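Chains as they are written, first to last, in my numbering: chain B, 208 to 689; chain C, 16 to 470; chain P, 89 to 338.
No lab work stands behind these hints, which were simulated from the structure alone. Take every hint as true, because none was put in to throw you off.
Here are the simulated EDC-like cross-link-like pairs (lysine to aspartate or glutamate), alpha carbons at most 20 Å apart as the crow flies:
(1) C/K407 x B/E626
(2) B/K488 x B/D453
(3) C/K362 x P/E140
(4) C/K362 x B/D637
(5) C/K437 x C/E108
(6) C/K394 x B/E628
(7) C/K67 x B/E617
(8) B/K272 x B/E285
(9) B/K585 x C/D377
(10) C/K28 x C/E39
(11) P/K166 x P/E153
(12) B/K282 x C/E70
(13) B/K554 x C/E70
(14) B/K473 x B/D531
(15) B/K563 x C/D376
(16) C/K394 x B/E636
(17) C/K51 x C/E163
(18) B/K588 x C/D377
(19) B/K406 x B/E350
(20) B/K406 x B/E468
Short, incomplete list of chain P residues facing chain B, as computed with Cβ under 7 Å:
(21) A164
(22) H165
(23) L170
(24) V176
(25) G180
(26) V181
(27) A190
(28) Q194
No experiment lies behind these values; they were computed from the predicted model shown. Just so it is clear, CB atoms sit at the ideal spot from N, CA and C, and this is done for glycine as well.
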Amino acid sequence: MMNDQDKVLKEVTQSDYKFGFTSNIETESLPKGLNEEVIRLISEKKNEPEFMLEFRLKAYRNWLKMKTPQWAHLKIPEIDYQDIIYYAAPKQKAKPSSLDEVDPELLDTFNRLGIPLEEQKHLSGVAVDAVLDSTSVKTTFKETLAEKGIIFCSFAEAVQEHPDLVKKYMGTVVPAGDNYFAALNSAVFSDGSFCYIPKGVRCPMELSTYFRINAANTGQFERTLIIAEDDSYVSYLEGCTAPMRDENQLHAAVVEIVALENAEVKYSTVQNWYPGDKNGKGGIYNFVTKRGMCKGNNSKISWTQVETGSAITWKYPSCILRGDNSVGEFYSVAVTNNHQQADTGTKMTHIGKNTKSTIISKGISAGQSNNSYRGLVKVMKNAENARNFSQCDSLLMGDKCGAHTFPYLEIDNKSAIIEHEATTSKIGEDQIFYCNQRGIDTEAAIGLIVNGYAKEVLNKLPMEFAVEAQKLLQITLEGSVG
Amino acid sequence: MSVVATKQEVVDKYLRLYKNNIDEINTYGADFLNNKRQEAFDEFKEKGFPHKKNERYKYTFLQPFFEYDYKSNFSPNTYQVNLDEIFKCDIPELDTYTVLTLNGNYYTRNNPAESLPKNVVVTSMQEASQKYPELLKKHFDKYAQKHEEGLVAFNTMFSQDGIFVHVPKNVVLDKPLQIINVALSERDLLINHRNLIVMDENSQANIVVCDHTLCFRRYLTNSVTEFYLGDNANLEYNKIQNENNESIQIGHTYVHQEQNSYSRFNTITLHGGLVRNNLNIRLLGENAESQAQGLFLTDRKQHVDNYTNIEHVKPHCQSTQLYKGILDDQATGAFNGKIHVYPDAQKTVAYQTNNNIQLTDDAKMHSKPTLEIYADDVKCSHGATSGQLDEKAMFYLRSRGIKYEEARFLLLYAFADEIISKISVEPLQMRIHELVDRRLRGELSRCHNCQITCD
Amino acid sequence: MLKIKELYVTINDQEILKGINLEVNPGELHAIMGPNGSGKSTLASVLAGREEVNVTSGSIEYNGEDLLEMDPEERAHKGVFLGFQYPVEIPGVSMVNFMKTAVNEQRKQRGMEELSASDFLKLMREKSEFVGLKNNLTNRAVNEGFSGGEKKRNEIFQMAMLDPALSILDETDSGLDIDALKAVANGVNKLKRKDNATVVITHYQRLLDYIIPDFVHVLYKGKIVKSSDKSLALELEEKGYDWLEKEVEV
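Let the sequences and hints guide you as you build the complete structure.
Encoded structure:
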């Protein structure tokens, strides 16, 4: 059986990234490098109001004073920030009014990714904002949504059409100087998605952003802002891929969510950026700041993530539980293989009374990868009756990888009840043998066991994504075992 | 301390202290320590005190405590005290081999050497430097990770003495060895002491260490203790911390364990101003086992931070950590523990648990139980809880007619008992029970035996 | 169907089986009995292909092929089924998903089409009724939280689902109350056909009140020391295993 496992491991380490193609799309980009001039140019190109430029410059000045965070369990090679293109956009009419005006190569790109932009072809329950490199290409079902008063568009468009909303909420959850990568994003972000759900509206379909890096030498810096007014509900999905390139590419995104009274936001991510080849060459550096603010009483924000891609992942989707009785949730499956590194987790900050948070994290490490869970549960002094339950499990496959758990519990209120549990284990040989004896080969057995292990999280994903995510897990690991 | 000193200023202060006193330090220092000082000086100059951003010191920022002006007495012979007249361990029926240190120096007046089992050595580092150079050469400064820890270098710069223990092959110490560390000075004092405990193959010992302050002054103790446990050696080490509210106790413990060896470290913190216990255990032989337990009871503005780092280097080793804390008033506490499993350490079994009870809203607890695992065939888990007493259990007790205060006490006592019961020296266990009992009932909130009440 | 010849097996360099000879033909039901530590479970393990058992000499022929050359799943595809003494729990993996994968893998190997979801569920229901496995158990994770009796019934249920040619039931009766024992025996009897064979490994004669074996073999210290019809089981029951010791030494 051992030989069999070796064989499987080998197959996995050689299994191909399925989205590694490049598209031949004409792009317009700024020269490499970063300075105030570049930022002014980006802002100008986007025809932004003054407050946007101010926000960017403030962030940039903050950034100059900051240093790359060192506390994560990651080996991050030195990044030359002057060797990155900060703005690249597919050359096309600023706002295509119909699909006919969209570059066919572009349409084809998204079709190949399984994201058809023609509404009739698309899964009927999902509206998509497709972002290529730094620019939103097309948002589907906009009109349908508009009937309910829902705004779903590219960030750039929101800046033009709804500047008041942008001004009111942007930077309130992730301030311009929040951390090194968020500051960088705030300075140079070029587009992203914007979503506004009015009071009392339950969004009738899943909203989704699909991110694609295509151009070489570019960084992708998108920014997403979701505002859920009182008594509203929205489920939001995010997917991403990138071509296979030998050099590393930087992705530093920011997602901000504001949930007002009784509002509920579900944010799901299937992250499949190019992870680099089996020797650890190339791949995306995924340094992302995602944070939600449960501003109103009884509000709820739920993060679900399936992380399979990226060479390095640095990401902590978090909840600030400000409203009384507000609820934060974090469900995560993070898989690393070959030379991937992930340091991911969450921060739950309990401020309001009777706030509740749940953290379920399932890490799977294979190959020579390192996979860390890092999570903070902070209960502030006045957060009466805070409750947290955290469970962080790690599964190891093979003996060259690492699995680490770094929970931080900071409790300043005696009425808090905080529980943290973690286990680390490998896939049991007896479990595999049991499956073998029933005629299931080792590879399929591992698929079964891994999906079973991650089920609690996968179940939280919307249907369409859950199937996708399961397949993705299998592809990423495709059998690897120790 | 009116002006906040910069990091470099504080470091410079001690570099100067060293330079100005180096001759005196060496005159009264043990040779083996003297030989290491210059190296340590360079190391400390580079490292300084643990930085705020140092993950290992995330919840305890020590630098400000070094900003005070302490007296440093580098000529220990000037002490004109008869400790026997002042201090006596008052635990009834506790029959031990007893040695004392006074402000970090071995106190020779009641040397038990004659009554010790054959070939067992308990003496000062100074004497050990003269008499047992082979042993020191082999073990001294071999386990402390001075490159990781500026404070170990700091200790090596200033330490002049400490306790040396050697339990030779196949020797079983028939009764516990009690080491009593006493701080006594009319002025605030900086104490550095350096200890080495060598347990050869198949040896067995139970060591009890009691820390006491006899005056209400600020004592900053920064101690380093190294342990070597040979094949199949068996050690129980009970540390009872009972110091005044102004004292600062920083202890660095480094344990090297060979195959089949067993260690049990029980750290009971009853009283102290700021306590930071670093426990580093390296399991370097197969089938070695480590059990580490800790309990603290804090109130007022006390702060206790237990840091552990259990390194599983070889396969088939086992470790268990169980740390608990009860926090009252504005007390703060931290648990910062790690299980580190090396790539070759297959079949490791390691558990880590941290449970805390906060009695007031002003108490703060920070817990960071960490797993760092590089081998795949392991069984590791950790858990942490924080909260109040179990309401259901409280209700159950009360519905049986037990009044609120008593029910609360019973549950707290049960919570603490899980650790106390790990102490195998019975009279000591009973004494700790008694102290915890009184403490939890709020009858006594001061170090035991203390004539001067803090505050 | 199954021919074991002069089989020697070690586990961790310790010799457990010391020259086993056994022939099983279609339509036969064999019982292998023996005291604890006689090598019964090792025999089951070697037939199913467990990694840690090491065959030092001898051969096992299964339908004319060398069984020892096959991977565990290949043996399963060719109709070898092991009822585990200690069925392992697989958290998170539902019985439905597990069985569906197993059945379809087998069908694939045999060049058959995969079962449709509805046909599969029908089969599940049919077979779970057949062994008296409560319906809700099939919705749970594999063996997780099952009682001892439920686990053993679950093994018979899987046997019914996979319809093996050669079933080896390793102490399937141990730890069962009388009702569960009857249910298990009932399942085995109903699954018995002219073209399949069953080897029941047991410590107690009790099971053989409900399953009538064609042959009873006594395994003792790694060897089959006696083979006979079912009367041997009764004799064992009466005299205990001690009696064997004398027999063997004579």
